[in-house]
Structure formats: C-alpha cells, structure tokens
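In order, the protein sequence lines correspond to chains A and B.
73 is the number that our numbering gives to position 73 of the first sequence; each next residue is one higher, with no gaps.
84 is the number that our numbering gives to position 84 of the second sequence; each next residue is one higher, with no gaps.
Each hint should be verified, as a subset may be incorrect.
[Said to hold, decoys possible] In silico EDC-like cross-links for lysine to aspartate or glutamate, where the CA-CA straight-line distance does not exceed 20 Å:
{"#": "1", "chain 1": "B", "residue 1": "181", "chain 2": "A", "residue 2": "144"}
{"#": "2", "chain 1": "A", "residue 1": "142", "chain 2": "B", "residue 2": "154"}
{"#": "3", "chain 1": "A", "residue 1": "181", "chain 2": "B", "residue 2": "144"}
{"#": "4", "chain 1": "B", "residue 1": "3", "chain 2": "A", "residue 2": "231"}
{"#": "5", "chain 1": "B", "residue 1": "145", "chain 2": "A", "residue 2": "144"}
{"#": "6", "chain 1": "A", "residue 1": "145", "chain 2": "B", "residue 2": "144"}
{"#": "7", "chain 1": "B", "residue 1": "48", "chain 2": "B", "residue 2": "22"}
{"#": "8", "chain 1": "B", "residue 1": "176", "chain 2": "B", "residue 2": "199"}
{"#": "9", "chain 1": "B", "residue 1": "142", "chain 2": "A", "residue 2": "154"}
[Said to hold, decoys possible] A few chain B positions that, by computed beta-carbon distances, are all more than 12 Å from chain A:
{"#": "10", "residue": "38"}
{"#": "11", "residue": "46"}
{"#": "12", "residue": "58"}
{"#": "13", "residue": "165"}
{"#": "14", "residue": "169"}
{"#": "15", "residue": "176"}
Note that these hints are calculated values from the structure, not bench results.
Nothing here was measured: the structure is a model prediction, and the numbers come from that model.
Glycine residues also receive a C-beta, built at the ideal position from the N, C-alpha and C atoms.
Protein chains: 2
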Amino acid sequence: MRKVIVVGIGPGNYENMTIRADAALRHCDVIIGYHVYVELVKERYPGKEYITTPMTKEVDRCRMALETALTGKMVAMVCSGDSGIYGMASLIYELRGEAREPEVEVIPGLTSACSGASLLGAPLTHDFAVISLSDRLTPWDKIEKRLLSAAAADLSIVLYNPASHGRPDHLRNACKILLRKLPKNRICGICRNIGRAGEMAAVLTLEELENANVDMFCTVFIGNAQTSVIDGKMITPRGYRNV
Amino acid sequence: MRKVIVVGIGPGNYENMTIRADAALRHCDVIIGYHVYVELVKERYPGKEYITTPMTKEVDRCRMALETALTGKMVAMVCSGDSGIYGMASLIYELRGEAREPEVEVIPGLTSACSGASLLGAPLTHDFAVISLSDRLTPWDKIEKRLLSAAAADLSIVLYNPASHGRPDHLRNACKILLRKLPKNRICGICRNIGRAGEMAAVLTLEELENANVDMFCTVFIGNAQTSVIDGKMITPRGYRNV
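So that you can see chain A by itself, here it is in the shape it has in the complex (with noise of 0.2 Å):
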C-alpha cells in the first residue's frame, strides 16, 4: 500500500474514536507510536506490527514510518487526541517534502480541548485560544505573551501539557501571568486521564488553578468574562447578548 496514515485517536477510549479511526486500525499493517499511545489499541487491533519510540523521539518515529510504508506497508501512525493538533500529521508531511511516495492520509481525531470540555460542562462554547505549556520547542517568553494576549481579549483558554517531570511549576507560572489579566475568581477547570482509568473533571477558581497539582495527563480550562459554574458544570454562553 505505501501509506501513512495518521491517525488522531481521541483520548484514549474505543467510543471517543471516530468510525474511519477505528476502519484504519483495523485495516493496517503496522502500527507506530509513543508506546503509552501503542498499547491503549494493541489489544483492540491484535495480529499487527508494533513499533514503539519514546516521547522525545518524534522525528525518529516519523522517519521509521515512512520508511516502513515504503517497503509496501499499510502503515498507522496513531496520536492521542487529534492527528494535527499538537500531533504528528505535520513533521510526517516536513520529512516526505516534496517526494510523492509514501502516499499521507490524515485522519483527524477528537483533541482534549472537546473530549475535555464535555467532562466539564460546556467550558468552551464561545471564542477561545489553545496554548501548549511546553517550552521544549518554544521560547517561554513566547508563551507568557500568548497567555497575556489571550486573557486580554476575553478569550477562553485551554492549557495543553500543563506539567512534566521536567517542569512541575509551570501551571503555576502561567497562572501568576494570567492573573495580572484575570480576576481570581475567573472559572476554570482540569480534567485528568480523559476516556481513561482514573477520570476526573473538577471546576474551581483561577486563584485555586494557581495550586492545584497537575500533571502531563491533565488538560486546564480558564473561562472567559461571561463563564459561570451551573449546578457544578462550567458553562460559557454562546455570546454576549441574549438571544
């Protein structure tokens, strides 16, 4: 077949996969990723070629793919979440360039931001921005402007990788921004292992966002001007006039 195809997940669990998701799995040859990725649908998708890489190996594993797609294979390169957002659809399309072979087939996927939103309530229903908390591949300082920029046109954000091991302050780093901008008591919220063992959803303030223990499987929530808790969901409204 000569084919990638990325394929965005969701967050973990077969339910929250799209039907063509689950059709490309199944109809693979190998299957490649971050190896937490790989064996939350090796037992769904047994009887394939597995291909696992560690978590700061991305180019290596994009590499492995298209090699491995151009030795005649049906190749699945599975993300968690969405296949473009903050995924691998776009460094598989960087290291092909402009060679024709192995054909790319993107396969979106529902990103945490949706699957997260829908734990909570309806967090995100008007305008909103979504920034990684990362600074593996971005300058921190690029990020502390997007948070300030953000907040200061009302937007709702959501928070992707909100710690690791390597950076446990960082939630609370951008907290401490945000709250030059932000009331204290401006509505957030955290879900933790989405469509996983271990799932929460907890609605709390920006002042308590600052403390609150976070950690690589947790997606953060702040709400814009007009969030309000409802019988203990975090609900936006569609606008800012009633209609």
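Please build the complex by placing chain B on the supplied structure of chain A, with the hints as guidance.
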C-alpha cells in the same frame, strides 16, 4: 429515560462521527436539531421522532428538547461539529438551570478546526485561536480585538462563520484587520463542505483570502509565522526549535 444527549456529529459524514455519537443516535427516541443537521442523519437512523427548528431558534429548540425528555424520552440534540464549540451544550445547561431533570449528557464531536485542518495538511500543529466572525451575539469590536490579539501573539487562527447571507463582507473585513499585523503572503486555507458533497480545500495567501468567496459552509485557517506550503499542503511546524 428523561435524558437529553447533546451529540456532536462532526462535519457531516458517518465516518467522521465517533463510535459513541453513532450509538447515541441509534438508541435515542427523538432526534432534534437545525433542519440541515437532522437531514444529514435521518436516513441512517430511521424510525425516530424528528423535530426540527430554523437556524436562529436555538432557545426554542433547546426548550423543546428538555420538555420532550421530561415526557420520558431519550432525546438526541444534534449539533454539527462539536456539541460544545459554538454548539448547544451550554444553552441546554443554562435552560435546565439547577433542576436535576432531565439528565444531560454531552458527547463531543470533531469540530471543523480539526476536520478542516486534516484536509489542508497540518495547519494547527501549534498554538491557535478559534474565532467566530458572526456578530449576531457578539459586538464586532470584540471580534476585531480578538483578531488583532491573536495575530500579535503569532497564534494560528481558525475563523468560524466567515460569512452568511446577512454579512457577506465579514471575511474581507477580518482580513483587512489582520493585514495590519500580518504580511500579505501569510499562508492561509479555506475548507468548504467538509465531509459532505462538494468538499474542497484550498491553500492561498492572506492577500488572496481577502477577496475569496466564502459562505456559511466554509471554515478559514490563517497560519502562524512558521507556516509554509509543502507539496501543496498547509503545514505549521511543531514549534520554534528543530528537535
């Protein structure tokens, strides 16, 4: 069942629905929604009670969903794309208020930021903002401020509702605003009828976008400073460092 399930059906085709959304539509008693979306799913889920309302009657539609559920039925409220992002989940929670009945469940779906991006290549690999150009519920000066803030912070931008019958010039006006901060040759993309008959995706510059024809079935993407065209695809890299 006395339950309202707010179902994000994705862009419109069956393959891009989640397993969970499909199951909800198979098991519900009533399907309610804007008539275009109900038409999209009616054929695949026959034998249900169907309730449709016009586009601007969202409050009526949600009230009908809650009232119908209280008669003992399982009601699926269908939203195109995601159930939360510019969807009906918030209004359902707002109208139910602190009442505990009917039960509400939110099923996320592929929003066009994700489904459209997969057609264009990988335009949203890094941080981005989602902004609607509809000024029906939001003052235009707020929209303008958000566009400028997102551009100044080098966020990629996804524009929802770039035009409608009542506001054909919104995209042109938005481009004029963005051109105050961004270069004319900034890489952009347009998707139309994602996952439906007549699906198309085109890559163009911001200057060309200013004069492009769009309608309410389009989603528009503005790249960040790193976005380039590779083999005809719109590609935003993962960050600002080559790792």
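A quick look at each hint next to the structure:
A distance of roughly 19 Å separates the Cα atoms of residue 181 of chain B and residue 144 of chain A; the hinted pair therefore holds under the 20 Å criterion. A hinted pair counts as satisfied when its Cα atoms are at most 20 Å apart, and residue 142 of chain A with residue 154 of chain B qualifies at roughly 9 Å. Note on residue 181 of chain A and residue 144 of chain B: the hinted pairing holds, with a Cα-Cα distance of about 19 Å set against a maximum of 20 Å. A C-alpha spacing of about 16 Å is found between residue 3 of chain B and residue 231 of chain A, which places the hinted pair at or below 20 Å, so the restraint holds.
Our distance criterion of 20 Å between C-alpha atoms is met by residue 145 of chain B and residue 144 of chain A, whose separation comes to about 19 Å. Between the alpha carbons of residue 145 of chain A and residue 144 of chain B the distance comes to roughly 19 Å, so the proposed pair stays at or under 20 Å and holds. With a C-alpha separation of about 14 Å, the suggested pairing of residue 48 of chain B with residue 22 of chain B holds against the 20 Å cut-off. The suggested pairing of residue 176 of chain B with residue 199 of chain B is violated, with an alpha-carbon distance near 27 Å, which exceeds 20 Å.
A distance of roughly 9 Å separates the Cα atoms of residue 142 of chain B and residue 154 of chain A; the hinted pair therefore holds under the 20 Å criterion. Distance check on residue 38 of chain B: its Cβ is at least 20 Å (rounded) from any Cβ of chain A, clearing the 12 Å threshold; non-interface status holds. Non-interface call for residue 46 of chain B relative to chain A: holds, since the shortest CB-CB distance, roughly 18 Å, exceeds 12 Å. Distance check on residue 58 of chain B: its Cβ comes as close as 8 Å (rounded) to a Cβ of chain A, failing to clear the 12 Å threshold; non-interface status is violated.
In this structure residue 165 of chain B is separated from chain A by more than 12 Å, as the shortest Cβ-Cβ distance comes to about 17 Å. Every Cβ of chain A is farther than 12 Å from the Cβ of residue 169 of chain B; the closest lies at roughly 20 Å, confirming the non-interface assignment. Distance to chain A confirms residue 176 of chain B as a non-interface residue, since its nearest Cβ pair spans about 18 Å, more than 12 Å.
Taken one by one, the earlier hints fail for this structure at numbers 8, 12, listed in ascending order.
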